[in-house]
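Undergrad: Sequence:
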Amino acid sequence: MSFLWGVMGGPSAGPQPSGAETIQKLCDRVASSTLLDDRRDAVRALKSLSKKYRLEVGTQAMEHLIHVLQTDRSDSEIIGYALDTLYNVISNDLEEEEQDDSEEENLTKVDDLGSQFTEIFIKQHENVTLLLTLVEEFDFHVRWPGVKLLTSLLKQQGPQVQQIILVSPMGVSRLMDLLADSREVIRNDGVLLLQQLTKSNAAIQKIVAFENAFERLLDIITEEGNSDGGIVVEDCLLLLQNLLKNNNSNQNFFKEGSYIQRMKPWFEVGDDNCGWSAQKVTNLHLMLQLVRVLVSPTNPPGATSSCQKAMFHCGLLQQLCTILMATGVPADILTETINTVSEVIRGCQMNQDYFASVNAPSNPPRPAIVVLLMSMVNERQPFVLRCAVLYCFQCFLYKNQKGQGEIVSTLLPSTIDATGNSVSAGQLLCGGLFSTDSLSNWCAAVALAHALQENATLKEQLLRVQLATSIGNPPVSLLQQCTNILSQGDKIDRRGSKVQTRVGLLMLLCTWLSNCSIAVTHFLHNPANIPFLTGQIAENLGEEEQLVQGLCALLLGISIYYNDNSLENYRKEKLKQLIEKRIGRENFIEKLGFISKHELYSRAAQKPQPGFSSPEHMMFDHEFTKLVKELEGVISKAIYKSSEEDKKEEEVKKTLEQHDNIVTQYKKVIREQDQELEELKQRVTTLMSQNEQLQATVTQQVSQIQQHKDQYNLLKVQLGKDTQHHSSHGDTFQMNGIQTEEVSKLKEELEEWKNKHELLQGQIREKDFLIEKLKSSQLEIGTTELSSQNSRSGGLEHNNELQKELEMLRSQLQLQSAEISQLLIENQKLQVMNTTADTVLGDSGAIVAKNSELEGQLEQQIKELKSEVKALSEEKESLKQHLDSSSSTVAILQDEKIKLQQEVAESKKEQDDLLVLLADQDQKLSALKIKLKDLGVPVEDEDDIESGDQGDEDEDVEEEEQD
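The working numbering applies: residue 579 is where the sequence shown begins, and numbers increase by one.
These aren't lab readings, by the way, just hints derived from the structure by calculation. Check before you lean on any hint, since a few could be wrong.
What the hints assert, rightly or not - Simulated pairs of lysine-lysine, DSBU-like, Cα-Cα distance not exceeding 35 angstroms:
(1) Lys-842 / Lys-1219
(2) Lys-1150 / Lys-1204
(3) Lys-1246 / Lys-1215
(4) Lys-629 / Lys-603
(5) Lys-1154 / Lys-1502
(6) Lys-630 / Lys-977
(7) Lys-1154 / Lys-1175
(8) Lys-887 / Lys-701
(9) Lys-733 / Lys-629
(10) Lys-1159 / Lys-1204
(11) Lys-1076 / Lys-1175
(12) Lys-1294 / Lys-1185
(13) Lys-1502 / Lys-977
(14) Lys-1511 / Lys-1219
(15) Lys-1150 / Lys-1502
(16) Lys-1245 / Lys-1259
(17) Lys-1219 / Lys-887
(18) Lys-1215 / Lys-1511
(19) Lys-977 / Lys-1246
(20) Lys-1287 / Lys-1215
(21) Lys-887 / Lys-823
(22) Lys-777 / Lys-1204
(23) Lys-1215 / Lys-1150
(24) Lys-1207 / Lys-1507
(25) Lys-1175 / Lys-1150
(26) Lys-784 / Lys-887
(27) Lys-1232 / Lys-1507
(28) Lys-1475 / Lys-1487
(29) Lys-977 / Lys-842
(30) Lys-1441 / Lys-1299
(31) Lys-842 / Lys-858
(32) Lys-1287 / Lys-1299
(33) Lys-1159 / Lys-1509
(34) Lys-1152 / Lys-1219
(35) Lys-1150 / Lys-1076
(36) Lys-833 / Lys-823
(37) Lys-784 / Lys-733
(38) Lys-629 / Lys-777
(39) Lys-1246 / Lys-1232
Source: prediction; values computed, not measured.
With these hints in hand, go ahead and build the complete structure from the sequences.
TA: Right under this line is the structure:
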């Protein structure tokens, strides 16, 4: 221990050993000591010396420290010391903090030292695997230094360490557990570790994403307070950018996991936006960049489109527009928000329509587009803000013919506000186009060019725009005013680069005239335009003017290529002769090539967003570079063609256009028929599903009716039982509970029986009288029998008949007498019952009241049951009617299905006929193309055209499916 006391700075006798000697002795102590306490003390001493004697500890002790990690796993304290020592040796962070800014050489040496020690450590892959195992330990003194050491290794030798972790079993999953650690220090350092781990490694990025990283990171951001959080939020956002940037798989997983919806609370800002902290500005800046990662123009179109739609539906775009129109937002956040909104709406019609409807909170309200354009043409605004507004306007018009039409319509005479109370977008663009600020000229020219991009109709409509230049002078067209300013050149005093204004106007004119023969004719109508262009091209000017010469050559070439020969003095052949005489074909082609060879052209062609370091570098627009690439080759070939070749080319073009029109018509017919078929199929499917639903409803209601019937029968049985129970309370009411009304009914029946009895007695008297009469008539027949023998036989027959009638009357009499006796007995019983009922009713009023109450309840239940039965019967009738209508609907659907099958067969037959016609047209087209190729005319392959059309159709189908 005396040795360690000397090492740690205590008093010792004799000369002090050097640092290298001390470290060597400590290493020997670590290697040879058998007691754990001695080894622990030696490692602790090495840790204290590792910062000052980094090189010596690294070279001499690294092997011993790794051995300690392997053998002394049971003691967390010595493991923690060993990990801290290795971190001090390998990490460059500690050295960089102590270095001054002037000591660059020392910093380079420090970086090399850390990289060399890292290379030694990871040479044995088992060391990294051992470190991953130690990171799994829950002990704070082991886990935290292990995380820091692994982070330092990734900083020094990232790709190599990433590969070792990737092939290690469950290597990435072990590190993902750090995000769930309850100790914030370890969790935060775990975020830093994953930042280094996911840099430029798509495989690890996918594993981390599918280990639920998005959910955990978003939870941390929410816990820390979203944009108001500290540096932990910043670290989480940087990690999210690593996972999503240029990783289509993770972007799709992020969108389908509904994580875009969780980004909306990030951008909730209050009314008072003053005094934002620097950390909040940084956090919000990173959040906006994360949104841009998901909708970047470099992403696949389908993925970008789906993310744009998700951002609209969850309200994220609306939240961004709120920040856009808010007051007090810092300038850099406002600029980044404009760029973010630009890419969220770019190429998405739904988002572009919403953005067009956004109004600024002013009095009176103004469209957000107008407010932004006011900033763009205002030279007092920051340069980066003006570039962002230009990019936003370009994205708003990208593939948005509706928006283009709205912008151009604000310039047309019929839509201009005569009162002058409101400023339109078109007026702002014209004001910027003709201002004395060169940057405003360029931005306005590019913005107006985007309003005409790939829209021949608007190019023709813009020719109607008339401008009042000064009082007393007639108005001139917008095209004429652009050429006038272009020809004046250096005569106008402008702020900024004069070349910039001319470049912007030339780009606008080239975009306007391309693919629009009417605009070319209007341009050639001005006799001063062609001499100006040829004069500019022919001159030998400086390097800055070479760009203007190239654009003038491009404009002249467009005037030739898209010339319809409607002006005799400016036909294609005459313009070519003019070039040959005044410029020379080779010189013209050389000047045309100045554009694509320019450095600023190459920069602009890289990405759609204007990324200029200064206003002087703002020369080319991204979409214009595409136009130059498309036209440069065809113009070069058109200059060398003869008049005969031009004629043949025109004829072939007309023929091709006719054939293309026919093919287009056929395609349109086929598409319409396909749409009709799809609509009919969808209709059949809908009707079938409705039929199934109705049948299911009928079945359900029938079962309900049966249940109600069963319930009714059950209640009926229960009611009968209750009636019998109540009737047992009195002996007098054994006849189903006789009430006062029933007694009166019985009295009436008794009276009826009395009447019947009297009637029967009268009938009996009549029968007795008839019997006596028959007896007397029989005696008379006996006295006259001897006197008339001739009539004996007739008398006998009559006598027999009378005897029969007598017997029959006797039997009837017996029956009637029996009936009378029975009625008399019943009469006596009823009289007894009547008397007893009267007595009971008189003596038992309480019983009657109780029974009447019970009978009232029974009557109420009976009424309810009757009403329920009535309702069930009505429901049954309605269900029967519903079932009849459903069966009729099924029959109609079957008829429609048969008709649809017939129509499908007919449409297939028509499509076969159309395919035959198309095959004939294709043969003719191929023959014409062979002729064109023989003549030296470039012809685009039909496969390229079809692939382009198919790509557009696929994009349309994908947008419809997402909607």
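Undergrad: Now tell me if each hint is right for this structure.
TA: Hints versus structure:
The suggested pairing of Lys-842 with Lys-1219 is violated, with an alpha-carbon distance near 59 angstroms, which exceeds 35 angstroms. A C-alpha spacing of about 25 angstroms is found between Lys-1150 and Lys-1204, which places the hinted pair at or below 35 angstroms, so the restraint holds. Of the supplied pair hints, the one linking Lys-1246 and Lys-1215 holds, its CA atoms being roughly 34 angstroms apart against a limit of 35 angstroms. Straight-line distance between C-alpha atoms of Lys-629 and Lys-603 comes to about 18 angstroms, which keeps the hinted pair within the 35 angstroms bound.
Restraint check for Lys-1154 and Lys-1502: the C-alpha separation of about 32 angstroms stays at or below 35 angstroms, so the hint holds. Between Lys-630 and Lys-977 the alpha-carbon distance is near 63 angstroms, which puts this suggested pair outside the 35 angstroms criterion. The hinted pair formed by Lys-1154 and Lys-1175 meets the criterion: a straight-line CA distance of about 24 angstroms does not exceed 35 angstroms. Distance restraint check for Lys-887 and Lys-701: the Cα-Cα separation of roughly 49 angstroms exceeds the 35 angstroms cut-off, and the hinted pair is therefore not satisfied.
For the proposed pair Lys-733 and Lys-629, the alpha carbon gap of about 19 angstroms is at most 35 angstroms, so the pair holds. Distance hint between Lys-1159 and Lys-1204 is fulfilled; the C-alpha atoms sit about 30 angstroms from each other, no more than 35 angstroms. The hinted pair formed by Lys-1076 and Lys-1175 meets the criterion: a straight-line CA distance of about 21 angstroms does not exceed 35 angstroms. Proposed proximity of Lys-1294 and Lys-1185 is contradicted: the alpha carbons are some 85 angstroms apart, above 35 angstroms.
Annotation: proposed proximity of Lys-1502 to Lys-977 holds, straight-line Cα distance about 34 angstroms (limit 35 angstroms). This hinted pair checks out: Lys-1511 and Lys-1219 have alpha carbons roughly 14 angstroms apart, not beyond 35 angstroms. At roughly 28 angstroms between alpha-carbon atoms, Lys-1150 and Lys-1502 fall within 35 angstroms of each other, so this suggested pair holds. About 21 angstroms separates the Cα atoms of Lys-1245 and Lys-1259, which keeps this hinted pair within 35 angstroms; it holds.
For the hint linking Lys-1219 to Lys-887, the alpha-carbon distance of about 49 angstroms lies beyond 35 angstroms, and the restraint is violated. At roughly 13 angstroms between alpha-carbon atoms, Lys-1215 and Lys-1511 fall within 35 angstroms of each other, so this suggested pair holds. Between Lys-977 and Lys-1246 the CA atoms are separated by roughly 21 angstroms; this keeps the pair inside 35 angstroms, and the hint holds. For the hint linking Lys-1287 to Lys-1215, the alpha-carbon distance of about 92 angstroms lies beyond 35 angstroms, and the restraint is violated.
Between Lys-887 and Lys-823, the direct Cα distance comes to roughly 19 angstroms. Compliance with the 35 angstroms bound is thereby established for this hinted pair. A hinted pair counts as satisfied when its Cα atoms are at most 35 angstroms apart, and Lys-777 with Lys-1204 qualifies at roughly 33 angstroms. For the hint pairing Lys-1215 with Lys-1150, the CA-to-CA distance comes to about 13 angstroms; that is within 35 angstroms, so the pair holds. Under the criterion of a C-alpha separation no larger than 35 angstroms, the hint pairing Lys-1207 with Lys-1507 is consistent with the structure, at around 23 angstroms.
Distance hint between Lys-1175 and Lys-1150 is fulfilled; the C-alpha atoms sit about 27 angstroms from each other, no more than 35 angstroms. A hinted pair counts as satisfied when its Cα atoms are at most 35 angstroms apart, and Lys-784 with Lys-887 qualifies at roughly 24 angstroms. This hinted pair checks out: Lys-1232 and Lys-1507 have alpha carbons roughly 13 angstroms apart, not beyond 35 angstroms. Distance check on the hinted pair: Lys-1475 and Lys-1487 sit about 18 angstroms apart at the alpha-carbon level, within 35 angstroms; holds.
About 27 angstroms separates the Cα atoms of Lys-977 and Lys-842, which keeps this hinted pair within 35 angstroms; it holds. Using a Cα cut-off of 35 angstroms, the hinted pair Lys-1441 and Lys-1299 holds, with the two alpha carbons roughly 17 angstroms apart. Note on Lys-842 and Lys-858: the hinted pairing holds, with a Cα-Cα distance of about 16 angstroms set against a maximum of 35 angstroms. The hinted pair formed by Lys-1287 and Lys-1299 meets the criterion: a straight-line CA distance of about 19 angstroms does not exceed 35 angstroms.
With a CA separation close to 31 angstroms, the supplied pair Lys-1159 and Lys-1509 stays within the 35 angstroms bound. In summary, the hint linking Lys-1152 to Lys-1219 is supported, as the alpha carbons are separated by about 12 angstroms, within the 35 angstroms threshold. At roughly 32 angstroms between alpha-carbon atoms, Lys-1150 and Lys-1076 fall within 35 angstroms of each other, so this suggested pair holds. Between the alpha carbons of Lys-833 and Lys-823 the distance comes to roughly 14 angstroms, so the proposed pair stays at or under 35 angstroms and holds.
For a cut-off of 35 angstroms, the pair hint linking Lys-784 to Lys-733 stands: about 20 angstroms separates their Cα positions. Our distance criterion of 35 angstroms between C-alpha atoms is met by Lys-629 and Lys-777, whose separation comes to about 28 angstroms. Using a Cα cut-off of 35 angstroms, the hinted pair Lys-1246 and Lys-1232 holds, with the two alpha carbons roughly 20 angstroms apart.
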